[in-house]
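**Student:** Add chains B and C to chain A, keeping to what the hints say.
Protein chains in written order, with this note's numbering: chain A, 45 to 316; chain B, 11 to 337; chain C, 3 to 269.
Since the hints were made in silico from the structure, they are not lab data.
No farther apart than 16 angstroms at their CA atoms in a straight line, the calculated lysine to aspartate or glutamate pairs in the EDC-like style are these: (1) C:Lys9 with B:Asp104; (2) C:Lys108 with B:Glu137; (3) B:Lys47 with B:Glu27; (4) C:Lys5 with B:Glu137; (5) C:Lys9 with B:Asp130.
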Amino acid sequence: MSDAAASMKYGKCFSLGFKAAFEYRINFLFTVAGAVSPVVIQTVLWIALYGQDPAATLFGFTFAQMVAYTVIGQLVNRLVRTGFEYELNNDIKSGTLDRYLVKPVGYFGYRLFSFLGDKLVQSLLMALLLAAGVIALVCTLGFSITPAAVVLFIISLAAAFTLNFLLFWCVGLAGFWLTEIGFMFEASRIVIITLAGGIFPISVFGARAERILALLPFRFTIQFPTELLCGRIPSQEIAPAFGIAAIWIVVLTALSQFLWRRGLRRFAAVGS
Amino acid sequence: MSIIQLDNLCRNFTYYEKQAGLRGSFKNLFARKMITKEAVKNISFAIDEGKTVGFLGPNGAGKTTTLKMLSGIMHPTSGSAKVLGFTPWQRKKDFRMQIAIVMGQRSQLWSDLPALESFDLNRAIYEIDKVQYKNTLDELVALFGIEQQLPVQVRRLSLGERMKMEIVASLLHRPKVLFLDEPTIGLDIISQQAIRDLLKRLNSKFGTTVMLTSHYLSDIEDLCERIILINHGSVVYDGALSGVNETLAGRKTVRLILSEQPDVRRLSAYDGFREIEGSCARFEIDRAGVRAFSLRALEELPVIDLTIEDAPLEEGIARLYRGEADE
Amino acid sequence: MIKEIFKHLKVWMLLIRINFMSQMEYRANFVSGILMEAGFLIGKILYVVVAYRAGRQIMGYGPDEILVFVGGFVVLTGFYAGLLGTNLFQLSSLVRDGSFDMILVKPLNAQFFATLRRSEIGALAFDVIAGVAMVVIGLIRLGIGPDILLISGWSLFIASGAAVGYAIWVAPMALVFKIVRADAIAGLVDTFWDFNNVPMVVYNKIGQTIGLFVIPIFVVTNFPAIFALGRMTPLLFAWGLAAPFITCFIASLCWRAGLKHYASGGN
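Bound-form chain A, shown alone (with noise of 0.2 angstroms):
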């Protein structure tokens, strides 16, 4: 297949990907409802907590730090997102994956195209609510960010939508083994989130546990882009976090395709 034709096709399922999100508009609405909430509550408690002194540290957050954190972290979030697991079980319960194993484009290139596409509608609007959300920020706290904590913050997004896509995808692909999967996502979906410091900062688990998530995957989703645009990475590290963000990268992709053709030579035996 030409490169050409290729990149048609997956543009196809980029443009399919990005109807269906600009279809449910009130959908979206509600999403953005659902990202401000938990800033709200989070923002609440640092408040409550931070109390008196708002220059205390924290976790190693002062107020201003972890108000600025809550916020973009959140925003990070849920631009990282995945859903396409669901129809990926789907695909696999129903057999309907079939269908797909059969046609030009190959099933990974599709689930992630179409995920692309998704996300490209979201990540516009993100953008927006993240640039709103930073000047707030600048306005209120007296938060800074250079261009080039924007710079990196970009090329680190898109280390995070590939890590989580795959993190996703591997755990998606349980349910060529396991039969009830569909409840386990948001159950795993909640407890990548908490490892990579969606929720709280990674340091609330104490510093021995931050040392060791500091190796794992899961941070570079949410944690290291968060702070990478607030400028809390010192210069030194950067260059080595992005380089364990790359190994993970490679590894989670040859664990996907161990497990996806292993899945397949199972769902080839045994069906749905």
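**Tutor:** What follows is chains B and C alone, placed relative to chain A:
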């Protein structure tokens, strides 16, 4: 006194048009075109107690919509109806306690458990006295011959057996009126026949008034003396089955595949010739005349393949509608 | 009227039994339902972790008191997840493929049947056990011994909270008849639900007023803890008893409007 009575019942649906393509999606964000469909147009008829009536029509004719209005699920746009003296869409409790509806594609049974458990649930829902429940259940089990299937999980039953269970579940409270919406849809021929036998026995045993919709003529043929034919939301025929049977089922479509393309004029000489497509010629012949026609065609034409099918229901109904019915 | 209520209770008990039997057929399903609750529990416990590790009070509430709060929250989440959740999740597909008709035709209150038909006792049990454990541990650490009065009062407000919670979940679900994409609606209520991760005093006066009297999410989980920790006031006490009736009434109004829309062939 009719137990079911409809007067000028109407039901319109309005919905938005959805255009294809990305541009269409954009457009839909701002301005959408509204379309009105008249699903049921001024329907009136009455059914007496204890009768079994067939409600027949092609897909989209308005059968299910009418049934939904009679069972209280849907409000009409205009007109009135009375079932058992109640206005169905007021959904009074006493009304719901005396009717039952079985819909071909929808289940009320719990699929992971034996049907008995769902029956027991219905017993509580319909407030059936324990003794009466047992009697009714025993009667139905005997009537339908389902003793062996009772302890089996519903999802393990065949489609036909499942439909039997659905019907039993709906009869436990001895409803006065039973609505059956496409009960044999999706079933194989043998199961369809089994359900029809079952409904025949039901009629004589319990005296339930049954309103049966279907788009299979054979369902109605077996069970109903009276048939109401509906097409495009209007009643096309309401009367004895015998009056219409010949019209509907009397025609057969005969297709001939010929080894050489013959002269169209030559084919037109045969009564019932409709069209020719490539080397396939289509004829509509009366059931009675099929044999004579086939013999003649096989002898006179270069036939290499011959198929005989029922003429589509729509054609029969269309002819009725146009008034070309022959009795 | 009373007879009807008893009938519905009896049918409900039967439904819970049927659901349990049905789920035992799929033990993996049963287990994963519990695991899902465990996942959500982690999300809630994180707030307790923060409270303990921060080493300071939150608006006058120490970490042990936060534990009591969140424990009650977990119990009430169990009621939602165990009794209400599946039904709400399924509702939009029932409406979409017309299976909802089968609910309407039965001589039962349609709202009751549609919202309580399915249940997951496993999830309920898990949350109730985890939540009660948290409350007991917190109370013991505070030196408040659970006595009959405390247990009764706590349970009473749990029941009140459950009823208010029911209303808050069910009222917006009536939108399903108009919009049909109910998972978005459920997500929205979900986020409101999470406001109970912290005691209501953490919010400012306006927020507390809204959360108590306008959309009474705080009534759902704050009151059992407030009672157990001896922070109850007469106003809150009265409201805690009145709110369930008012909110459930409003919810049934919403539902009735939604049903009317459905019966008029909406969507």
